[in-house]
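Engineer: So the sequences go chain by chain: F and D.
Residue numbers 4 to 161, in the working numbering, belong to the letters of the first sequence in order.
Residue numbers 9 to 350, in the working numbering, belong to the letters of the second sequence in order.
No lab work stands behind these hints: they were computed from the structure.
Even glycine gets a Cβ: it sits at the ideal position worked out from N, Cα and C.
Check each hint, because a few of them may be wrong.
Claimed, not checked - A few chain F residues that face chain D, going by a derived Cβ cut-off under 8 Å, partial list only: (1) H24; (2) A62; (3) L65; (4) G101; (5) H104; (6) R105; (7) G122; (8) V143.
Claimed, not checked - Derived EDC-like pairs (lysine to aspartate or glutamate); straight-line CA-CA distance at most 20 Å: (9) K26/D to D107/F; (10) K58/D to D142/D; (11) K58/D to E118/F; (12) K152/F to E132/F; (13) K22/F to D92/D; (14) K157/D to E80/F; (15) K157/D to E68/F.
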Amino acid sequence: MSIDLLIDRTGSLSPDDSKTHLRFPFRLDRECANLHIEFDYSPKLLEDEERARELLDAAFELYVEPARRAAARANAERYLPLANLVTVSVDDPNRYRGACHRQDPMQRLHLSAVEASPGLLPGRIEEGEWTLTLSVHAIVTESCSYRLKAWATGEDNE
Amino acid sequence: MRWLACELHTHTLHSDGKQTLRELADGAAKLGFECIALTDHNTMSGLADKDAVERETGLVILPGMEWTTFHGHMVTIGASEFADWRLAEPGNLREGTAAVRRRGGLAGLAHPFRIGSPACTGCFWEFEIRDWSDLDYIEVWSTTFAAIKEDNRRAFELWTSRLNAGDRIAATSGRDWHEQKETDDPLSVTYLGLADESAPLQEEALRALREGRVAVTIGPLLTLTVVEEGDNGAVYALGSEVPLASGAGARQPLKACADLRASVREGLWELHPQSGRLVLTSNKGDLLELSVHLAEGDSRHSFPFDREGLLWIRAELWGVVRGVHARIAFTNAIYFERGDGR
Ligand SMILES: [Zn+2]
Ligand SMILES: [Zn+2]
Numbered sequence: 004m005s006i007d008l009l010i011d012r013t014g015s016l017s018p019d020d021s022k023t024h025l026r027f028p029f030r031l032d033r034e035c036a037n038l039h040i041e042f043d044y045s046p047k048l049l050e051d052e053e054r055a056r057e058l059l060d061a062a063f064e065l066y067v068e069p070a071r072r073a074a075a076r077a078n079a080e081r082y083l084p085l086a087n088l089v090t091v092s093v094d095d096p097n098r099y100r101g102a103c104h105r106q107d108p109m110q111r112l113h114l115s116a117v118e119a120s121p122g123l124l125p126g127r128i129e130e131g132e133w134t135l136t137l138s139v140h141a142i143v144t145e146s147c148s149y150r151l152k153a154w155a156t157g158e159d160n161e
Numbered sequence: 009m010r011w012l013a014c015e016l017h018t019h020t021l022h023s024d025g026k027q028t029l030r031e032l033a034d035g036a037a038k039l040g041f042e043c044i045a046l047t048d049h050n051t052m053s054g055l056a057d058k059d060a061v062e063r064e065t066g067l068v069i070l071p072g073m074e075w076t077t078f079h080g081h082m083v084t085i086g087a088s089e090f091a092d093w094r095l096a097e098p099g100n101l102r103e104g105t106a107a108v109r110r111r112g113g114l115a116g117l118a119h120p121f122r123i124g125s126p127a128c129t130g131c132f133w134e135f136e137i138r139d140w141s142d143l144d145y146i147e148v149w150s151t152t153f154a155a156i157k158e159d160n161r162r163a164f165e166l167w168t169s170r171l172n173a174g175d176r177i178a179a180t181s182g183r184d185w186h187e188q189k190e191t192d193d194p195l196s197v198t199y200l201g202l203a204d205e206s207a208p209l210q211e212e213a214l215r216a217l218r219e220g221r222v223a224v225t226i227g228p229l230l231t232l233t234v235v236e237e238g239d240n241g242a243v244y245a246l247g248s249e250v251p252l253a254s255g256a257g258a259r260q261p262l263k264a265c266a267d268l269r270a271s272v273r274e275g276l277w278e279l280h281p282q283s284g285r286l287v288l289t290s291n292k293g294d295l296l297e298l299s300v301h302l303a304e305g306d307s308r309h310s311f312p313f314d315r316e317g318l319l320w321i322r323a324e325l326w327g328v329v330r331g332v333h334a335r336i337a338f339t340n341a342i343y344f345e346r347g348d349g350r
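Chain D extracted, bound-state conformation (with noise of 0.2 Å):
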């Protein structure tokens, strides 16, 4: 599987940044990113130049829109045209996510935590959500230096909450970028799993959120699978289901393997050399840790465990970032067929 570097939320000077596609996909494409989101508010007039933005630099564009509305800000990402903002009121949101996604969008949550008006107006989210079924993602981690932010521990626990009442959903990060401004701030990558490396890049990224196959850092990247014991055992990516049984009708054993990318987006990112915690959490809490070498080439680390009372499961790496214990990386979530028929 390709891992895809992605900026997900992004802003030009077709909204309120300071930037136009170019420059944004130059300093991202200087970044060690491979596709960004142009997520402007309210418009998608910034898109005229991605095809040439797109040859010029190598990178990705996808498509996407920011819903800036009253009641929350609300990233959407490949819509093939424009679905009306305008309409959003606080309880008819699923008509507007069903209309992007008839347009072939996802949409998420964006910062649902940032205070709002008249602080930052519209920016607390306050759609209400009967079903989030209706919503592709959450943007758990807004701005730089995300994990360390308050806003962003709620948007990480409601995520945690929602997965494990048993809904299915993604995780993002999103820089919220509107202008090319050195930071000192560790940066956030998403990564998206492409699946069909031969299909068209803007479709397999847009795929792999869909379908959860996403992983978050600020340095190493960590994804995870789910592995059947035994001989032409059975792997389960990240956003996959683990079903009750096999094709052979038993149950086998799992153990979940973790891998540790140090070597990606070489020399663009730094963690002062350090024993980190990985572990593997899930709706009973964690299951498993151990320590692990931070910043020292790829790695592998295999944990069997039992599936027993499991909706869900990701991997979460922990360190020490600017004298901050923080998360540094988590995978989005392998889910397990529950035998109750959910």
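Chain F on its own, in the form it takes in the complex (with noise of 0.2 Å):
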């Protein structure tokens, strides 16, 4: 079985990353059966509390009426751990081929032509120029590694 490594890279984000999209594109030279994708990042959660509940109070600034404050301070523990939140979309040469938006700091993600992960469209993995996009919600932690990673195994006939 033949195995293409399309994308292998690691990086460090920022508070700073914040609200912004992070493009992987890549070509794949021949139809596949499997395009497989792992990504990582850590830390997941803010452990330092206090730190936390200083992001919360800037936000409840921006976002609570000023008679509602203290109470929404009072209830902050609601929101704690404070967790970073990176997600994963996919976009093959044609079409979205959907996102997974969701906590998990370790996907591991799967697409063929029958078969795909939760949030992503099964169909097949041509060959052209596709995109991982990273999509960085929330960095709260002083930084935050990750990893993204790409293969594709098989033959389209297989």
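Given two chains presented individually in distinct reference frames, assemble the corresponding complex, making use of the accompanying hints.
Structural biologist: This is how it looks when you write it as structure tokens:
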């Protein structure tokens, strides 16, 4: 069985990367049977509770009416621990193949003609320009490292 | 008119829900819903089972997707294909909603005042809205026991302020339902009024939402019509516009008819027996109110009113829910044509 390694990238995200998309285009030289994606990021949680409460205070300033802020602060517990959230979406040469919007910081994803991981659409793994997109919804830790890996296996007629 | 009991905001395993579409549909049917919209975050892959689950459960499933962006969550319902949520920026929302509409869909603000990042990423609505006609509805009641929640109060006030400014926009509820978990909280139902009962349900449900034939409740179904007095007086449904003059050219006296149906979803909701307050409200404030007995059959209440200075009216039902004085039900608006050509 042949394996085509398509992407193997590591990197580090900071709070400034929040609300941005990182695009990872790659070229698939031949039609394959399977596309595999591994995406991990760490840490998931902000363990420093004092820092978490500061961040929440800033959010309450923005999103809660002044008269209700004290009550929001008193109930801040319900939002703890704060978490980083990065999600993956997939585009094949012709169309959007879905997104995996969930909290899991270790994603093992798979696409083929007949099945796909939840959030993704089954369909041919066609030759051409593909893109994986990491959507950085929020980074609350000082830094957050990630690894994104994608590879294709199998001939299209397998 | 048939009123279809709908849950318009749901998630499955295809995003961060903890349920399959089948489990969701079974749960919805058990609660007396006839229709759900599947609005997974940023994907429509959960709809692969739609036809099979519709057949197996008898439920209508509307295709949808919750645009889960950095600047707000936007529920979209009815689009035949994907529109790219990743292009959304605070200043270009109009392009996004136009793309959704080109694909046959409708777009609404989801839980617009839920506390945003990092408590709930992107949950607070921060998109700039230059023209409210770019949007079809506001989810004014989110989650369970919605009427008493602070963020929903702000959403409801936002809706009222837009109506007062002359915008015409629908209001809905949505549980933002992620898992099958028992709750004692009152559940909201959005009823969509099907004008043409012979047309396919999915199309008619979408048309009802687009046109504002919408009523929201935690129990009895409250609807409203405006009726011209006299023989063969015209009847105006929720979401429609009462013209300045009737066909004959003369301005007829009007009455508002509120229908209260306690027989809906029988046994699936509970309010302790009490006198509730049925209110006809408008851009000029409350016009009329009367006391009605709750949880007792179906009843119709008519109020003559003067349209002078009115942009819109709606009906609301207030009472005591779990010891709290709260809105139990509200209709969407009926609008009035204005002399200044607006
Ligand atoms: Zn949301
Ligand atoms: Zn949601």
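Engineer: Output the indices of the hints that this structure fails to meet, ascending.
Structural biologist: 10
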